Amino acid sequence: KAGVTQTPRYLIKTRGQQVTLSCSPISGHRSVSWYQQTPGQGLQFLFEYFSETQRNKGNFPGRFSGRQFSNSRSEMNVSTLELGDSALYLCASSLDTGYGTGELFFGEGSRLTVL
Amino acid sequence: EDKVVQSPLSLVVHEGDTVTLNCSYEVTNFRSLLWYKQEKKAPTFLFMLTSSGIEKKSGRLSSILDKKELFSILNITATQTGDSAIYLCAVGKNSGGSNYKLTFGKGTLLTVNP
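Residue numbers (the numbering used here), protein chains in the order written: chain V, -11 to 103; chain W, 1053 to 1166.
Source of the hints: derived by calculation from the structure; they are not laboratory data.
Careful: at least some of the hints might be erroneous.
[Unchecked claim] In the EDC-like style, the derived pairs of lysine to aspartate or glutamate whose C-alpha atoms are separated by at most 20 Å in a straight line are:
| no. | chain 1 | residue 1 | chain 2 | residue 2 |
| --- | --- | --- | --- | --- |
| 1 | W | Lys1093 | V | Asp84 |
| 2 | W | Lys1093 | V | Glu40 |
| 3 | W | Lys1055 | W | Glu1091 |
| 4 | W | Lys1108 | W | Glu1121 |
| 5 | W | Lys1093 | V | Glu96 |
| 6 | W | Lys1108 | V | Glu96 |
| 7 | V | Lys45 | W | Asp1135 |
| 8 | W | Lys1145 | W | Asp1054 |
| 9 | V | Lys45 | V | Glu91 |
| 10 | W | Lys1119 | W | Glu1078 |
| 11 | W | Lys1089 | W | Glu1121 |
| 12 | W | Lys1119 | W | Glu1067 |
| 13 | W | Lys1109 | V | Glu96 |
| 14 | W | Lys1145 | V | Glu96 |
| 15 | W | Lys1092 | V | Glu96 |
| 16 | W | Lys1119 | W | Asp1135 |
| 17 | W | Lys1109 | W | Asp1069 |
| 18 | W | Lys1109 | W | Asp1135 |
| 19 | W | Lys1089 | V | Glu96 |
| 20 | V | Lys45 | W | Asp1118 |
| 21 | W | Lys1145 | W | Glu1053 |
| 22 | V | Lys45 | W | Glu1078 |
| 23 | W | Lys1145 | V | Glu91 |
| 24 | W | Lys1093 | W | Glu1067 |
| 25 | W | Lys1089 | W | Glu1053 |
| 26 | W | Lys1089 | V | Glu91 |
[Claimed, not checked] Covered stretches of chain W, as calculated for chain V (at least 3 residues, CB under 8 Å):
| no. | stretch |
| --- | --- |
| 27 | 1090 to 1104 |
| 28 | 1154 to 1162 |
Remember, predicted model here, so these are calculated numbers, not experimental data.
No residue lacks a Cβ here, since even glycine has one placed at the ideal position from N, Cα and C.
Isolated chain W (complex conformation) (with noise of 0.2 Å):
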């Protein structure tokens, strides 16, 4: 069976507080890794991941993937009240023929505090 887990579940931080939030994963015919946010609710994509070691950043936020020991990060920076928000960390695999499924990871509940 297909796991994705993430850790910690939930965090509280201060603004200006660098955090990382950690995924990692067991699933066949692995196809990439997304991150995405959750504010209220519709989770909004982030990054997707399909290479080791390659860094994708978007302003304060970073990511990368380790594909030999099966985990990606995601680092934030300098926080902001407005980084609190669900984080999901979602594997791609595929599931037959062009099939593509996503598995999704429990999330981490980021709260940034004034």
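Only chain V is shown next, with the shape it has when bound in the complex (with noise of 0.2 Å):
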């Protein structure tokens, strides 16, 4: 059984530019969830997918968008990108976010840095 599959695994772009992530889950798994990690502020949430409606939000600015498709694979976009950006985007899908066991398995990332 594949695991969850991010594109691309490392970017590099420039302020001002944006940049768009994939996530394709496990094969099954209709909620995929969005996390940036850095070094000082650790693993934050972005926001959650399921069945292509947004069902939860992080406290990100609107620079941070997503979406889910009918396949449950799901795409962030960071526009007007800032050097505070860099981190590893991490990817996890899950069978349900309702009444679920909660368990997430993790993609690999996308290391993005902005230069």
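If you follow the hints, you should be able to join the two separate chains into one complex; please do so.
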């Protein structure tokens, strides 16, 4: 059973550019969550999608957005990149976000560097 | 605002030592507490705890939750170099309807030296 796949694994952008990251969840998983991980802040929740609807949202500015497609694949977009957006972006999938186990399966992340 | 605080932030031990990692939380509508291990990139699931006082055990790792005092500990006995990793604690809550949201702590970096 394939795990969570994130692309690209590494990317370098300059300030002001925008970036799109992709996540393919484990087959059958309908929930996809996105996290930003930095050494100083740890894992911070960005948003979560379930059946193409944003179910939860963290405290990030509107430059961060996402969407989920009918096949549960998800993308997140960051516009007008800032130096502080440099981070590891992790995607996680789970069967259900309701009263399920809550166990998340993480991808290996997309390492974004903003110059 | 929900808070999950892990301590210590980093820890260096020798092989064979026993370590205890701590996680305290302030979360409304608590549902569960989870522990993850992050060695390189992707965190991997260790335990989920929902009830106080019931120890979960997997090999040399064990964890317990105290819902009255709002904390959990993760114990690792007879540590090995392969235990070197960041250990993440996350608390799940009901966030309206059937929504479920995880808040992570900043993690504990464990280094096990030979």
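Coverage claim, chain V over the stretch 1154 to 1162 of chain W, checked by counting residues with Cβ within 8 Å (three needed): n = 6 at 8 Å, threshold three: holds.
Proposed proximity, V:Glu91 with V:Lys45 (alpha carbon, max 20 Å): 18 Å, holds
Restraint status (C-alpha distance of V:Lys45 to W:Asp1135 at most 20 Å): 33 Å, violated
Proposed proximity, V:Glu96 with W:Lys1092 (alpha carbon, max 20 Å): 8 Å, holds
Restraint status (C-alpha distance of W:Lys1089 to V:Glu91 at most 20 Å): Between W:Lys1089 and V:Glu91 the Cα gap is close to 13 Å, so the pair holds against 20 Å.
Given hint V:Glu91 paired with W:Lys1145 - CA-CA distance at most 20 Å: 13 Å, holds
Pair hint outcome, W:Lys1093 versus W:Glu1067 [Cα-Cα no greater than 20 Å]: 23 Å, violated
Hint consistency between W:Lys1145 and W:Asp1054 [alpha-carbon to alpha-carbon, up to 20 Å]: 9 Å, holds
Given pair status - W:Asp1118, V:Lys45, alpha carbons within 20 Å: 28 Å, violated
Given pair status - W:Glu1067, W:Lys1119, alpha carbons within 20 Å: Not OK: W:Lys1119 and W:Glu1067 at ~32 Å, beyond 20 Å, violated.
Given hint W:Asp1135 paired with W:Lys1119 - CA-CA distance at most 20 Å: 27 Å, violated
Pair hint outcome, W:Lys1108 versus V:Glu96 [Cα-Cα no greater than 20 Å]: Given pair W:Lys1108, V:Glu96 is violated - Cα atoms ~26 Å apart, limit 20 Å.
Hints 1, 2, 3, 6, 7, 11, 12, 13, 14, 16, 20, 24, 25 from the earlier list are contradicted by this structure; the remaining hints agree with it.
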